[in-house]
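Undergrad: As a plain string of letters, each chain reads:
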Amino acid sequence: MSFPALTILSLLPVGAAVLMLLLPRANATLPRVTAGTLSLLILAYTLLLWLRFDSTCGTFQFEERHAWITALHVEYRLAIDGISLVMLLLTAIVIPIGIAASWRTERRPSLYFALIFLLQATMFGTFTALNFFHWFIFWELSLIPAFFLIRLWGGKRAGRAATQFLVYTMVGSVTMLLSFLAIYVATGSFDFTELAGRGAGFLPAVAANLGWPYLTPGHLALLIFAGTFLGFAVKVPLIPFHTWLPATYTEAPSGVTAILTGAMSKMGVYGFLRILLPIFAPQIRQLITPLLWLSVATIVLSVFAAFAQKDIKRIFAYSSINHLGYCLLAGFALVRTSNPALLPEQYAALSGILLQLLSHALTAATIFWFISLLEFRANGDRFLSDFGGLRRLAPVFAGLMGIALFSSLGLPGLNGFPAEFLIFKGTFPLVPWATSISVLGLLITAVFILGVIQQVFTGPLHANRANFFDLTGAERCALAPAITLMFILGIYPQLVLSALNRTVIAYMHQLRF
Amino acid sequence: MTAPLSILAVCAILLGLLGTPAWPWFQSFLNGERSVIAEHVPGVATIMVTSSAIALFGIFLGWRLYGRKPISATETPDILSQLQPQTFRLLNHAYYVDLIYAATFVRLTRWSARLADIFDRFLFNGIVQGISFGVLTLAWIDSFVDNYIVNFGFDTGWRSLSIGGRVLASLQGGRVQTYLRFIGLALVALTIFLLWGAAR
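So the protein sequences, as listed, match chains R and P. Residues in the first sequence are numbered from 1 upward in steps of one, following our numbering. Residues in the second sequence are numbered from 1 upward in steps of one, following our numbering.
For the record, the hints were derived by calculation from the structure and aren't laboratory data. As the structure is a computational prediction, the values presented were derived from the model and not from experiment. Built from N, CA and C at the ideal position, the CB exists for glycine as well. It is possible that some hints are incorrect.
[To be verified] What follows is a list of derived Cβ distance ranges for each label pair:
1. P/I13 x R/P4: 54 to 64 angstroms
2. R/K310 x P/I13: 37 to 47 angstroms
3. P/Q27 x R/C477: 54 to 64 angstroms
4. P/W140 x R/G155: 23 to 33 angstroms
5. R/I491 x P/L5: 25 to 35 angstroms
6. R/G155 x P/E33: 29 to 39 angstroms
7. P/N31 x R/F3: 31 to 41 angstroms
[To be verified] If we take Cβ atoms under 10 angstroms as the criterion, some of the chain P residues that face chain R in the derived model are:
8. G32
9. T74
10. L115
[Said to hold, decoys possible] With the C-beta cut set under 7 angstroms, the calculated list includes, among others, these residues of chain R facing chain P:
11. W293
12. A297
13. L301
14. F304
15. A308
Based on the provided sequences and hints, a complete structural model is requested.
TA: Put into structure tokens, the structure is as follows:
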């Protein structure tokens, strides 16, 4: 039996959570230091997996496969390819950022950090599972720690926001579960790779087997697709299934928002890549025009909505929808055509999606980290009108947050640029009209981010901010790796892309059947 | 102001060198290819000569107007405003580009942002709130039917049965003396009834 590297990866945060709960309550510093150290150890283990990952082949690696519930053909099957590897890495990077952003949590820090580790464990489980049965268990379990983190440590309207978040995502999960049960009843399989390998006619054949009255197999196939699609569309989210997000991101403590936007929202995009595109490609192709319109609407409406906001957290909540909208646009564009001449563009688009996921995780989490520092120094204020002229008092703060903000708007030299460049480079030849409209998103992002920089850091100093102080030495040291990584990924994206090339080729080969 | 602009100009020139048609290093870098210095790039010479000529003409014009006789005080009227007042006004307002821009793109962007916000708050959120309101209404109707129709009917029926049962139970207590008492009373009633009937 080979070394169960992936099971251990999911168990490490569970162990960390248990350890956090065992810590004495009296000491306030100990839980923070322990949580920070443990999250870095988990990051180190994930980096070790990255180093051991064989980037010369595009197949699944570190596979663990055991019979589990034989009567239901359910297997315990874990394995990762380049896509999962990116997800694991970004989760492992975002959690220490989330913990650092929550450093000043006063109330029950042990429980708070334990819940963060449990959330990490469920995300690791989701990104490594290849069987729907336990993938869905992790997918659903992730809601529980997230719900309590928002509900117990959030703002004044946290209860309402947490319930909205839970109910919304549960509705999506229920429709997805029904769709997968329909597939299981007809095929007897829950295995993602097996279902993806069944070819274009697979879903109508499943629908014909189910034989529902009043519905043709084609229509039933679309209904099954719609159920799964809704589950992921809510999670990412795609407009108009997004209304839970601004309230949740605003009400959650900033450290948790960093994790929600940095890692948890990626679960939705991962679902699109791992399940929706490979299994439901013919249905997506059938509905490509409305789906592209949805992704264009997500990009454009969210960026305009961000521009209209006054609350800084709400601005970046909408910005997050916008950035993930690019991933979905590129994702839908991948299945638009099977013209072999456009294969290099599809490689570029898929590489762009993966880089964008990692890049957005780093940038968005860091921006929410800065927002938590801003909130702390401003006694909880976070409206644009509450700030002004901070650069004079806190030049290092302004400089480093400026780098993170410029990374978000896609400035060349920082991590946002190569990701968005690859997405647009690949997507334009595949879906020219949708890409052309989506470029508007880049432009307005620049406008509202420059607006944030202008209103917060320049101009006359706000009367209430006379005591605003610059980043401390410890904060500078903690932020330095994140900012450095932004430059590294911006200047040398090949560091990540070279490890993913084979996966990208294998994935596109499978998708084109 | 001259110093930052000079720094920016130098940086722009240096960055421009990284993406010239003769040595497209930046483009090649983004495409993941090796950059090659081209010996001859067709069609570029005309653009280079034209743009350089325009720039040189501008420098010459600047020198002619201002270089030979520098402006000594800020109050001194600009020489161009005397020679060509209309041209001066056009240049002074930067070809009115900012004004046109503010009236069109900026206004459109702000208007679109407000519209997107209204869409989000009232349309999308309204639909969700509507669904939530619909579910709550259904729950309220269900609760009303449950409490005031189903439960009320059930409770009333149950209460009648219970009272009836209690009455019957008290009548059928299993005590022979009670039964004999009722039989005796019945016999007396029957005898009175028969006697009353015979008397008529």
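Undergrad: For every hint, state whether the structure bears it out.
TA: Status of the hints after comparison with the structure:
no.	hint	result
1	P/I13 x R/P4: 54 to 64 angstroms	57 angstroms, holds
2	R/K310 x P/I13: 37 to 47 angstroms	40 angstroms, holds
3	P/Q27 x R/C477: 54 to 64 angstroms	37 angstroms, violated
4	P/W140 x R/G155: 23 to 33 angstroms	29 angstroms, holds
5	R/I491 x P/L5: 25 to 35 angstroms	27 angstroms, holds
6	R/G155 x P/E33: 29 to 39 angstroms	50 angstroms, violated
7	P/N31 x R/F3: 31 to 41 angstroms	39 angstroms, holds
8	G32	7 angstroms, holds
9	T74	26 angstroms, violated
10	L115	7 angstroms, holds
11	W293	15 angstroms, violated
12	A297	10 angstroms, violated
13	L301	5 angstroms, holds
14	F304	3 angstroms, holds
15	A308	4 angstroms, holds
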